[in-house]
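S.K.: Sequence:
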Amino acid sequence: MIFYTLQGPSHELEIHDDKLSLIKKGWRTVFSKEDPVTSWELQALSRFEITVPKFIFWGKIEWQTYDGNRGSFRFSTNPVMVKKIEAYMQKRILKDFHNKKRAA
Numbered sequence: 182m183i184f185y186t187l188q189g190p191s192h193e194l195e196i197h198d199d200k201l202s203l204i205k206k207g208w209r210t211v212f213s214k215e216d217p218v219t220s221w222e223l224q225a226l227s228r229f230e231i232t233v234p235k236f237i238f239w240g241k242i243e244w245q246t247y248d249g250n251r252g253s254f255r256f257s258t259n260p261v262m263v264k265k266i267e268a269y270m271q272k273r274i275l276k277d278f279h280n281k282k283r284a285a
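For what it's worth, the numbering used here labels the leading residue of the sequence shown as 182, then goes sequentially.
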C-alpha cells in the first residue's frame with residue numbers, strides 16, 4: 182500500500198510503510214537491487230512558510246550507484262516526509278553496502 186507519493190516532472194517517489202521507490206514515469210524503478218545506491222544527498226532548495234509551524238519543503242535528492250550511474254529527483258513535501266526520506270536513504274545505503282560485501 183502506498184503511504185505517500187511525491188510527484189516530480191519525470192519521476193514519482195513512492196513512500197511505503199517499509200520501503201521507498203523512485204519510479205521514472207512509464208519506465209522502471211530507478212533504485213534497484215541490480216544497481217545499488219552508494220551515496221546520496223538531500224538538498225534544501227527552498228522553504229515556504231504557510232502557517233507556523235507548518236511549511237512546504239522544496240528539495241532535491243541526488244544519488245550515485247556502484248555502477249557509477251547518477252540521478253536526481255526534485256520534489257516538494259512537508260518536514261515529516263523529509264525525515265522519512267532521510268531515514269530510508271540511510272537504511273538503503275547500509276543494506277546495499279552489506280549486500281555488496283557478502284557478494285564479494
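One thing to keep in mind: the hints can contain errors.
Claimed, not checked - In silico lysine-lysine, DSSO-like type, Cα no more than 27 Å apart, as pairs:
no. : residue 1 : residue 2
1   : 272       : 282
2   : 265       : 282
3   : 241       : 264
Claimed, not checked - What follows is a list of derived Cβ distance ranges for each label pair:
no. : residue 1 : residue 2 : range
4   : 281       : 252       : 17 to 25 Å
5   : 283       : 241       : 18 to 26 Å
6   : 261       : 282       : 30 to 38 Å
7   : 241       : 278       : 29 to 37 Å
8   : 259       : 283       : 31 to 39 Å
9   : 263       : 283       : 14 to 22 Å
10  : 280       : 239       : 26 to 34 Å
11  : 261       : 283       : 20 to 28 Å
It is worth saying that the hints were derived from the structure and are not from the lab.
Positions of the beta carbon are idealized from the N, C-alpha and C atoms, including for glycine.
S.K.: So if I understand the rule, the pair passes when the alpha-carbon distance is 27 Å or less; does residue 272 with residue 282 pass?
M.R.: holds (16 Å)
S.K.: Can the suggested window of 29 to 37 Å be confirmed for the beta-carbon pair residue 241 and residue 278?
M.R.: Violated - the Cβ-Cβ distance for residue 241 and residue 278, about 23 Å, lies outside 29 to 37 Å.
S.K.: For the range 31 to 39 Å, tell me whether the beta carbons of residue 259 and residue 283 fit it or not.
M.R.: Distance hint for residue 259, residue 283 holds at roughly 37 Å.
S.K.: Could you grab the alpha-carbon distance between residue 241 and residue 264 and see if it respects the 27 Å cut-off?
M.R.: Answer holds: residue 241 to residue 264 is near 14 Å, not above 27 Å.
S.K.: Return holds or violated for the Cβ distance of residue 280 and residue 239 against the range 26 to 34 Å.
M.R.: holds (32 Å)
S.K.: Is the hinted range of 17 to 25 Å satisfied by the C-beta distance from residue 281 to residue 252?
M.R.: holds (19 Å)
S.K.: Holds or violated: the 30 to 38 Å window for the beta-carbon distance between residue 261 and residue 282?
M.R.: holds (33 Å)
S.K.: What's the verdict on residue 265 and residue 282, does the C-alpha distance respect the 27 Å limit or exceed it?
M.R.: Holds, because 26 Å separates the two Cα atoms, which is no more than 27 Å.
S.K.: With respect to the beta-carbon atoms only, verify the hint that residue 261 and residue 283 lie 20 to 28 Å apart.
M.R.: violated (34 Å)
S.K.: Can the suggested window of 18 to 26 Å be confirmed for the beta-carbon pair residue 283 and residue 241?
M.R.: Given range 18 to 26 Å: violated, Cβ gap about 32 Å.
S.K.: Could you say whether the range 14 to 22 Å given as a hint is met by the Cβ separation of residue 263 and residue 283?
M.R.: violated (31 Å)
The structure shown violates the earlier hints numbered 5, 7, 9, 11.
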